[in-house]
Amino acid sequence: MKPADDIRKLFKDAGLRVESSADEQVFEDMVQAQHGADENPKRVPDGWRRTMRNPITKIAIAAGIVIACTVGLFLWTGTGSGIALADVLTRIQQVSVYMYQMSGTASGQATTGTAIDQNVHATILLSQECGMKMTMEMTDPNGTTVTYHEQYILPHKKSMITIMPKHKKYMQIELDDTQLENIQKQNNDPGTMVKQILECERESLGKSTLDGIAVEGFRTTDPAYLGSMAGEVDARIWVDVKTQLPVRTEIDMQMGEMHMHAVAHDFEWNVSVDADEFEPVIPEDYTALSSTPLKMPATSEETALRGLRLAADLTGRYPEQLDVMTLTLYTEKLVTGDTPVAQKLRKNRAGLEREENIAKIAETIMPIQGIGIFYRFLTAERKDPAYYGEIVCPEDKELVLMRWKASDSEYRVIFGDLHAETVTAETLAELEAALPK
Amino acid sequence: MMEDKLLIVGFKQGRREALRQIYDKYKVEMLKLAVVLLGEVNTAEDVVHDVFVKFAQSAHRFKLTGSLKSYLATSVVNRVRNCRRDRLRRGETGLETPDRFAASSRGPQQWAILDEQLVRLSDALRQLPYEQREVICCHMELDMTFREIAALQRASLNTIKGRYRYGLEKLRSLLNGEVTR
Numbered sequence: 001m002k003p004a005d006d007i008r009k010l011f012k013d014a015g016l017r018v019e020s021s022a023d024e025q026v027f028e029d030m031v032q033a034q035h036g037a038d039e040n041p042k043r044v045p046d047g048w049r050r051t052m053r054n055p056i057t058k059i060a061i062a063a064g065i066v067i068a069c070t071v072g073l074f075l076w077t078g079t080g081s082g083i084a085l086a087d088v089l090t091r092i093q094q095v096s097v098y099m100y101q102m103s104g105t106a107s108g109q110a111t112t113g114t115a116i117d118q119n120v121h122a123t124i125l126l127s128q129e130c131g132m133k134m135t136m137e138m139t140d141p142n143g144t145t146v147t148y149h150e151q152y153i154l155p156h157k158k159s160m161i162t163i164m165p166k167h168k169k170y171m172q173i174e175l176d177d178t179q180l181e182n183i184q185k186q187n188n189d190p191g192t193m194v195k196q197i198l199e200c201e202r203e204s205l206g207k208s209t210l211d212g213i214a215v216e217g218f219r220t221t222d223p224a225y226l227g228s229m230a231g232e233v234d235a236r237i238w239v240d241v242k243t244q245l246p247v248r249t250e251i252d253m254q255m256g257e258m259h260m261h262a263v264a265h266d267f268e269w270n271v272s273v274d275a276d277e278f279e280p281v282i283p284e285d286y287t288a289l290s291s292t293p294l295k296m297p298a299t300s301e302e303t304a305l306r307g308l309r310l311a312a313d314l315t316g317r318y319p320e321q322l323d324v325m326t327l328t329l330y331t332e333k334l335v336t337g338d339t340p341v342a343q344k345l346r347k348n349r350a351g352l353e354r355e356e357n358i359a360k361i362a363e364t365i366m367p368i369q370g371i372g373i374f375y376r377f378l379t380a381e382r383k384d385p386a387y388y389g390e391i392v393c394p395e396d397k398e399l400v401l402m403r404w405k406a407s408d409s410e411y412r413v414i415f416g417d418l419h420a421e422t423v424t425a426e427t428l429a430e431l432e433a434a435l436p437k
Numbered sequence: 001m002m003e004d005k006l007l008i009v010g011f012k013q014g015r016r017e018a019l020r021q022i023y024d025k026y027k028v029e030m031l032k033l034a035v036v037l038l039g040e041v042n043t044a045e046d047v048v049h050d051v052f053v054k055f056a057q058s059a060h061r062f063k064l065t066g067s068l069k070s071y072l073a074t075s076v077v078n079r080v081r082n083c084r085r086d087r088l089r090r091g092e093t094g095l096e097t098p099d100r101f102a103a104s105s106r107g108p109q110q111w112a113i114l115d116e117q118l119v120r121l122s123d124a125l126r127q128l129p130y131e132q133r134e135v136i137c138c139h140m141e142l143d144m145t146f147r148e149i150a151a152l153q154r155a156s157l158n159t160i161k162g163r164y165r166y167g168l169e170k171l172r173s174l175l176n177g178e179v180t181r
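Note that the protein sequences, when read in sequence, are chains F and V.
Per the numbering used here, the first sequence starts with residue 1, numbered consecutively.
Per the numbering used here, the second sequence starts with residue 1, numbered consecutively.
I should point out that these hints are in silico values taken from the structure, not numbers from a laboratory.
Glycine residues also receive a C-beta, built at the ideal position from the N, C-alpha and C atoms.
Treat the hints with caution; some may be incorrect.
Calculated from the model, a selection of chain V residues having no Cβ within reach of chain F, i.e. all distances over 12 Å [to be verified]: (1) K12; (2) Y23; (3) A44; (4) F52; (5) K69; (6) N78; (7) R85; (8) D86; (9) L88; (10) Q127; (11) R147; (12) E148; (13) A151; (14) A155; (15) N158.
Below, a list of computed lysine-lysine pairs in the BS3-like style, where the Cα atoms sit at most 25 Å apart [unchecked claim]: (16) K12/F with K170/V; (17) K25/V with K383/F; (18) K63/V with K12/F; (19) K170/V with K69/V; (20) K12/F with K161/V; (21) K383/F with K12/V; (22) K383/F with K54/V; (23) K5/V with K54/V; (24) K69/V with K383/F; (25) K405/F with K5/V; (26) K9/F with K170/V; (27) K69/V with K405/F; (28) K383/F with K195/F; (29) K12/V with K405/F; (30) K9/F with K161/V; (31) K347/F with K383/F; (32) K69/V with K9/F; (33) K25/V with K12/V; (34) K69/V with K161/V; (35) K63/V with K25/V; (36) K25/V with K195/F; (37) K405/F with K25/V; (38) K12/V with K54/V; (39) K5/V with K397/F; (40) K9/F with K25/V.
One chain only, chain F, in its complex shape (with noise of 0.2 Å):
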C-alpha cells in the first residue's frame, strides 16, 4: 500500500447526499439564470439559499408558517413527504399478485394526421411469475366497442398471445430473453410508473382522503418521464398511507395535437388466482392470424435500418418520432390509409391467399415498429439515443438521423441517407451542432 492510500480511500469512501426539494430549487436557479443571461447578463440571481440566509426573510417565514398552523387546525392534515417512494417501489415488487382497472381516453389528431376520438377500459391482472393478463376494450364516442381483445405476456412461454373474439382470429408473436424483458420493463404497470417517477423531478400534492383512504400524493411534470417520446406529461400517484401502495394513478400526455388520459384504480394486492389465470383459452373455432407464430424483429441496429430503408422507400421519408403510437399509426396508415402508397401496397396485395397476405402486412409493419423497439432497448440501457426524423430526410446524407453511445468513447451514428458510422463524441457534437434548429 503506498504511504497516502488510507488517506485516499477516506477521501474516497466519504460521501453526502443532497436533499431533493432543496435540490430542485438550486436547479431553478439555474435555469432562470440561463434564461435570464440575455436580458440581464451582468446580474447573478440571489437565489433561493441566499433569500432563505436573509434574517428578515427567516422571520417572514416563520410567521407564516405559525399564521398557517393557527388556520389550518381544521383543514391541515399534514404536510412534507411521509411516505418515500422508493418504498412504494420495493411494496409493489413484494406483492407477487395484483389486479386493477384501467381507464382512458385518446383525442385529437397523431402526428400522421388521423383524426382519434377513442376510450379505453381494460382488467389488468399481474403475477411475478406467470406474467400478464389484459383484456382491453376499446369504444368510440357514441359507446360502440371498436375493439375487444385479450392478451397475455407469458415469460415461461417467451411469447405474447392476442386474442381478438370479434374475428374469432388470434395472433401470437415470439419474443427473445431481450424483447421479453423490454415489454415487461414497458408495460406501464403502477410499478414502472412509480420507478419512472422516481427518475423525474418530482413534488409531494401532500396528504388527502380518497375513498376514505389516507393517502399521500406525488406529482411529475418532467419531459425525461417520457422517454423517448416528445410532448408533455402530468403524472399523478396516490399512496395509501398505511399500507405504502397505490391507490389511484393518473396521467396526462400532450403529444403533439393528441391528448391522452388514463387513471388506474380499483387496485387488489395479493389476490389469490389459479396460474389457469394466466392461460389463454383459445375456442376451437378461433383460427391463428399466421400459421406459424410471428415473430418480433431482433433488438439491432440492422433492424432499425431496414425499418428505416422501408419508410423512406414507401413514404419518402421518416416517421417523425419513435414512440408506440406514432409508429402504429405511421404502419396503419400505410396499411389501411388512402395514401397512393398504402393503396399501391394494396394493389400488390390484391388476390394473396389470407395467410400471404398476412405476411405482407407483417413485412410493413414489423420492421418499422423494430426502429422503435431498438430506440426504446436504447433508451432503457442508457445508451444515450437521439433521434431526428422530424428534421433530417432521406436526402441528408451528412446529417445524423439517429445515434446511441456504442461505447465509452464512441457513438454510432445513422445518417439521413443510412449509412451508418461509428465517430468520436467530439465528431458527433460538432454533426449535431450542424443540424438545422
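Got chain F sorted already, so can you dock chain V onto it with the hints?
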C-alpha cells in the same frame, strides 16, 4: 469527457435537459470539494450554488478548453478562495458555529447532507493550513497532478510536494485510528 462535449452542445443551445444532466452529474462532487476545502457546509452550499448559477448564465459565451469537471472544480476552488479572502477582510474566522455540519443547526433549507466520514474528514482538514488543505483536496478528490496544482497555486513543484507531505502527516495524526499506515 465525450458525453460532456455533447452536453455542452445541448447546453449552449439552451436545452434544459442538458443543463439538468450536467448539474446531476457534477453537483455531489462539487459539493464534496467545497465542503472539504471550507470545512463548513452552509458556505460550501453557497459556493457551489453560485458556481452552477454562473455556469448556467454563461451558456451563450461558454467555451470549454479542458474538461468540464476541471472547469467546475477550478470555479469552486477560486470561489472558495474569494470567500476566505472576504471573510479575512471582515475579520471573520468562519469557525463561529461549533457544530458546522449537524443537520439540527442548519435550519430547514438543507441541500447537502454529509455522512459521518465526510464530517470527520472535513473537521480534520479544517485544522490544516489552507494551502496544504487545497493541495491535498485537489490531489485526492480531483486527481489533479502536483504540476497542475503548482500552476493553480502559482508555486513551485517542490513547494507543492512539501505542502502535500506535511499536510498528509498532520492529517494522519489528526485522524489517528481512522486510518492505518
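| request: May I ask which of the numbered hints given earlier this structure violates, with the numbers listed in increasing order? | output: 1, 2, 3, 4, 18, 19, 22, 31
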